[in-house]
Amino acid sequence: MKTWSTDILIIGAGFAGSLMALCLRKLGRDVMVVDRDRHPRFAIGESSTPLADLMIRQIAEEFHLPQLVPLSAYGSWKTTLPELGCGLKRGFSYFHHR
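Take the sequence shown: its letter number 7 is residue 6 in numbering that gives the first Met the number 0, and every next letter is one higher.
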């Protein structure tokens, strides 16, 4: 049986797990990410909102991860990363419930 040593183990290689690994690595931690499946794969909810885009930009600045900046807006990531197969989502709505 093979064994590994790491400071932090992240379970889940989706967007959140991968982003956390990038940030922790930037802080000098030894990080291992494991997932039950291979990527890329389809996942429901793989979309963003204006608030999430703002957070991605802030994380990119705080952790000195310039490669994340193009992902913080539709136009910039589509230009910078044309190999990503996706499109602008339609039908996002926000409602005020009382």
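It is worth saying that the hints were derived from the structure and are not from the lab. Incorrect hints may appear among the rest.
[What the hints assert, rightly or not] Capping the alpha-carbon separation at 20 Å, the derived lysine to aspartate or glutamate pairs in EDC-like fashion look like this:
no.: 1; residue 1: Lys25; residue 2: Glu82
no.: 2; residue 1: Lys1; residue 2: Asp29
no.: 3; residue 1: Lys77; residue 2: Asp29
no.: 4; residue 1: Lys1; residue 2: Asp34
no.: 5; residue 1: Lys77; residue 2: Glu61
no.: 6; residue 1: Lys25; residue 2: Asp6
Since we're looking at a predicted model, the values are computed, not measured.
Tell me, in ascending order, the numbers of any earlier hints that this structure violates.
Result: hints 1, 3 and 5 break, sorted rising.
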